[in-house]
Each structure stands twice: as C-alpha cells, then as structure tokens.
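Each protein sequence line maps, in turn, to chains A and B.
Take the first sequence: its position 79, counting from 1, is numbered 79 in the working numbering, and each next residue is one higher.
So the working numbering is basically just the index in the second sequence, starting at one, shifted up by 236.
Worth flagging that the hints you see were computed from the coordinates, not collected in a lab.
We put the beta carbon where it would ideally sit given N, CA and C, even for glycine.
Don't take each hint at face value.
Stated by the list, open to error - Computed beta-carbon distance windows for the label pairs:
{"hint": "1", "chain 1": "A", "residue 1": "D37", "chain 2": "B", "residue 2": "P355", "range": "40 to 46 Å"}
{"hint": "2", "chain 1": "B", "residue 1": "V308", "chain 2": "A", "residue 2": "R36", "range": "51 to 57 Å"}
{"hint": "3", "chain 1": "A", "residue 1": "G74", "chain 2": "B", "residue 2": "D400", "range": "49 to 55 Å"}
{"hint": "4", "chain 1": "B", "residue 1": "M279", "chain 2": "A", "residue 2": "F175", "range": "53 to 59 Å"}
{"hint": "5", "chain 1": "A", "residue 1": "R36", "chain 2": "B", "residue 2": "N271", "range": "43 to 49 Å"}
{"hint": "6", "chain 1": "B", "residue 1": "E412", "chain 2": "A", "residue 2": "D174", "range": "16 to 22 Å"}
{"hint": "7", "chain 1": "A", "residue 1": "P217", "chain 2": "B", "residue 2": "T375", "range": "31 to 37 Å"}
{"hint": "8", "chain 1": "A", "residue 1": "V72", "chain 2": "B", "residue 2": "K396", "range": "48 to 54 Å"}
{"hint": "9", "chain 1": "B", "residue 1": "S309", "chain 2": "A", "residue 2": "R3", "range": "16 to 22 Å"}
{"hint": "10", "chain 1": "B", "residue 1": "R238", "chain 2": "A", "residue 2": "L68", "range": "20 to 26 Å"}
{"hint": "11", "chain 1": "A", "residue 1": "D37", "chain 2": "B", "residue 2": "G310", "range": "47 to 53 Å"}
Said to hold, decoys possible - Computed list of lysine to any residue pairs in SDA-like fashion (alpha-carbon distance at most 25 Å, straight line):
{"hint": "12", "chain 1": "B", "residue 1": "K285", "chain 2": "B", "residue 2": "L247"}
{"hint": "13", "chain 1": "A", "residue 1": "K84", "chain 2": "B", "residue 2": "P307"}
{"hint": "14", "chain 1": "B", "residue 1": "K349", "chain 2": "A", "residue 2": "K12"}
{"hint": "15", "chain 1": "A", "residue 1": "K159", "chain 2": "A", "residue 2": "L115"}
{"hint": "16", "chain 1": "A", "residue 1": "K12", "chain 2": "B", "residue 2": "K285"}
{"hint": "17", "chain 1": "A", "residue 1": "K12", "chain 2": "A", "residue 2": "D196"}
2 protein chains.
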Amino acid sequence: MRRFEVEMNDLKNRLMDMSGLVQEMIKTAIFGLVNRDSKLFSMVFSLEKEVNIQEIVVDDKCLKLIALNQPVSGDLRFITSAMKINSDLERMADEAVNISGRAVNLLKYPELKPLVDIPKMSDIVQQMLADSIRAFNTTDAELAKTVLVKDDEVDDLLKKLTSDLKDYMIKSTDFETIQRAVDLMFIARSIERIGDHATNISEDVIFMVHGKDVRHPRAHVFKAEQQSHSDEGNTD
Amino acid sequence: MRRFEVEMNDLKNRLMDMSGLVQEMIKTAIFGLVNRDSKLFSMVFSLEKEVNIQEIVVDDKCLKLIALNQPVSGDLRFITSAMKINSDLERMADEAVNISGRAVNLLKYPELKPLVDIPKMSDIVQQMLADSIRAFNTTDAELAKTVLVKDDEVDDLLKKLTSDLKDYMIKSTDFETIQRAVDLMFIARSIERIGDHATNISEDVIFMVHGKDVRHPRAHVFKAEQQSHSDEGNTD
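So that you can see chain A by itself, here it is in the shape it has in the complex:
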C-alpha cells in the first residue's frame, strides 16, 4: 500500500475511533439519566477531553495530508468531508456534556414523569449516528440517505415532548417542577441537535461519494436559477 493510502486509512480509523467515543458518551449520558445513576456522568465529562484532543489531531492530520499529497477529486472530498465530520462529532460530544450537566440537576429531585419519549428520541438519534458513521466507513451513500428521513421523526417527537412539558409547567407553581421541566426540555433539544449533526455527517458522506451537495435541497434550484442569469457559473 502506498504511504498516502496508509495515511488515508489512518485518518478514517481515527474518525471511527472518535465516533466510538462520542457514541459511548451519548449512550452513557442517556443511560445515566434514565437509570438515575449520577456516577456515570463523570465518564462523559472525562471522555469529552479525549474527543477534544482527537478533534485537533484529526484536523492537523487532514491539513498535512492535503499539503503533502495535493489530492484531487474523490481523495480531496474525503479529506474535507473528514474535517467536517470531525467538527460535527466534537459538537455531538458537547451535546452529550450538556445532557449530562442537565441530568446532574435533574437527579437531585424525584422523577417528574416516566421519560418515555426521551429514550425513544435518543434511540433514534443514536441509530442515526451509527448509520451515518457506518455509511462513512463503507462509503455507502444509500445508507446515508436513510438517515436524512429519520430527522423528521425526531422533530415530531421533540414537538410532542415540549408540548407535554409545557402542560406540566402550567399545572405547577413550585420551583422543582419548573426546573425539572426546563432541564428535560433542554435535554430533548440536545438530543435533537445530535440528530441534526448525524444528518450533517450523512450529507457529507453523500457529497464525498457522489460529489453532489445535498444540503439545502431548495438552494440548488435557486443557485441554478441565479447562475443561469449571470456569468457566475463560469468563474467558479
């Protein structure tokens, strides 16, 4: 194997390792919340430090790969996609930390209500993350596309959960209930953000495989229209 291929493989393995850490963080944060086990959160906080290190190492590796090898087309798209996936993974880790921070608050009080929708939402986004990373690993654009459709399901669960929590708030006049409902609302929002990042990763995989940007579907129509009315299409 050429040195360049060895390095590209190493980059992929590093991102796979990093995504393993992030998946562990999310799983642990939700498990700690659902099972009311506050000992687990320290693991999340400690794994975040490792993810932060990896983010810097991966970015540095990507820059060196470009500078030393002048990759083009597919290889270049792989490296710039890796940089973006790197950033999304780090932001997912931040959300796992946010969830754990809120959960630390929550576990000081009795359970507000069975957390039915939180585990359900989190199962979906964890599957989205696992699939988006598997799609990256196997350059499987079709698998990446299946992630995109799940995002709506998560949004619907978030709406339902937010509405339920507002009902709790209306019925209560004590600090504890309001505090717990607010914490749960922000936890649900963090879970939804993790789903958004998995969506970003899947879009990057599709771009990496096909060289076709699938972000902002309607933007392409506008772009095409704009370019047909100007000379811009020729200069880019």
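Since the structure of chain A is provided, determine the placement of chain B on it from the hints.
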C-alpha cells in the same frame, strides 16, 4: 495579481458578503422581536435561502482552489478556515431563523416583561460576530482574541435570564405565560449559540494567522502529555 490571488480575494469577499447577510438576519430578527414588528421576519426567512446558496458556492470554491492550486501552509490554512467559517455563518443564519420563528409565536401575545437582557445579549454577540469577521478580513489575531473573552459575559447573561424566566413560570399557571417564557428561553439560547459560533470563527482566525490551534486550551496539555508517553507524535 496572479490568478490564484484573485481567486483567494474573491473567496474572502464572498465570505464577507455572506457575513453581511448573516449580520442583517440577526439584527432584523432581534429588531423585529424588540419592536414587536412581525413583518420583518419574512426578510429573515428569505435571506436564509440566500445564505444557503452562498454556503454551497463557497464550499465549492474552496475545493476547487485546493484542487487546482495545491496551496500549502498559510494559503491552505486560509482556505480550510474559510470552509469552517462558512459553516459557522450558515449555522448562525439558522439561529436567526429559530429566533424569528419563536418571535412569531411571541408577538401573538402581550409582552411578558421588558426584554432588557435579550437586547443586551444580542448587542454583545453581534459585536462578537462583527469583530470576528473583521479579524478574518484583516488577519488580526489580536482582535480575534478579544472576542473569546466576551463569551463568558454572554454565558452569565444567559444564566441570569433563564433564572428570571423560571421565576415567571413558577408564578404563573396559564398557558400564555409558560409559552412566552419558553419561547424567550430558547431565543436567549439561540443568541448564546451565535456567540459560540463567533468564538469558533475567532479561533479559526487565530489558527489561520499563527498556525496555532487555540481550541480546547486544556486539550493541548493532554495531547502533549499523551504524545510524550507514546510514539504517536512521530506519525502525525
């Protein structure tokens, strides 16, 4: 001027234009909220489409600049930083849309309370964005550093505002008050996120200028420690 320099200049100008759109979106969203003028939000929604187009165009331009010119060191850092700033700008535009969406809800009801801290927070993050972009435009790492310290101020305001809003919720048992407090809480969170993105941009500028990664200050210590205990430092 060489063709490469012309293209690099064009890339910078495009990001400056894009940041102008995003600044306009944020300003308009907050102005519409504070002055209770719901007609303004349609402008925010319409500018988002333009930002989405620009994001794709800028990314495409960055890839072509790398593929066709094989830039190294400072030039390469400029282009990869541009890709990251591009992504942060687009996510700020999303937050301006989130703020406007919540504000549309809010304006259906009478004002909950004078929004003292919201305009104050938003003034700070707008200044952070303006400074981070000016630092990018003038490659001024010192200016970028001034942005990083303001993030704490925003976090403090968010805490205070969240706490005030929880007090409103505790005192109320009607749907309207809870709804308004929740909307304001999420608006405050969006404003804080805009500050986070301005911080990201400033970190990118410092990296671009000095080639030194200032993200996750403590991560570097860990990285250094880790590398001194392994051979990893030699392979990157």
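Here's how the hints hold up against the structure:
1. A:D37 - B:P355: 40 to 46 Å: holds, 42 Å
2. B:V308 - A:R36: 51 to 57 Å: Holds, at about 53 Å.
3. A:G74 - B:D400: 49 to 55 Å: 53 Å Cβ-Cβ, so the 49 to 55 Å window holds.
4. B:M279 - A:F175: 53 to 59 Å: The hinted range 53 to 59 Å is violated for M279 of chain B and F175 of chain A, with Cβ atoms some 40 Å apart.
5. A:R36 - B:N271: 43 to 49 Å: At roughly 45 Å between Cβ atoms, N271 of chain B and R36 of chain A fall inside 43 to 49 Å, so the hint holds.
6. B:E412 - A:D174: 16 to 22 Å: holds, 20 Å
7. A:P217 - B:T375: 31 to 37 Å: For T375 of chain B against P217 of chain A, whose Cβ atoms are near 35 Å apart, the range 31 to 37 Å holds.
8. A:V72 - B:K396: 48 to 54 Å: holds, 52 Å
9. B:S309 - A:R3: 16 to 22 Å: holds, 21 Å
10. B:R238 - A:L68: 20 to 26 Å: holds, 23 Å
11. A:D37 - B:G310: 47 to 53 Å: holds, 49 Å
12. B:K285 - B:L247: Satisfied, since the Cα-Cα distance of roughly 19 Å is no more than 25 Å.
13. A:K84 - B:P307: Answer holds: K84 of chain A to P307 of chain B is near 19 Å, not above 25 Å.
14. B:K349 - A:K12: violated, 52 Å
15. A:K159 - A:L115: holds, 15 Å
16. A:K12 - B:K285: violated, 33 Å
17. A:K12 - A:D196: OK: K12 of chain A and D196 of chain A at ~22 Å, within 25 Å.
In summary, the structure is inconsistent with hints 4, 14 and 16 from the numbered list given earlier, while agreeing with the others.
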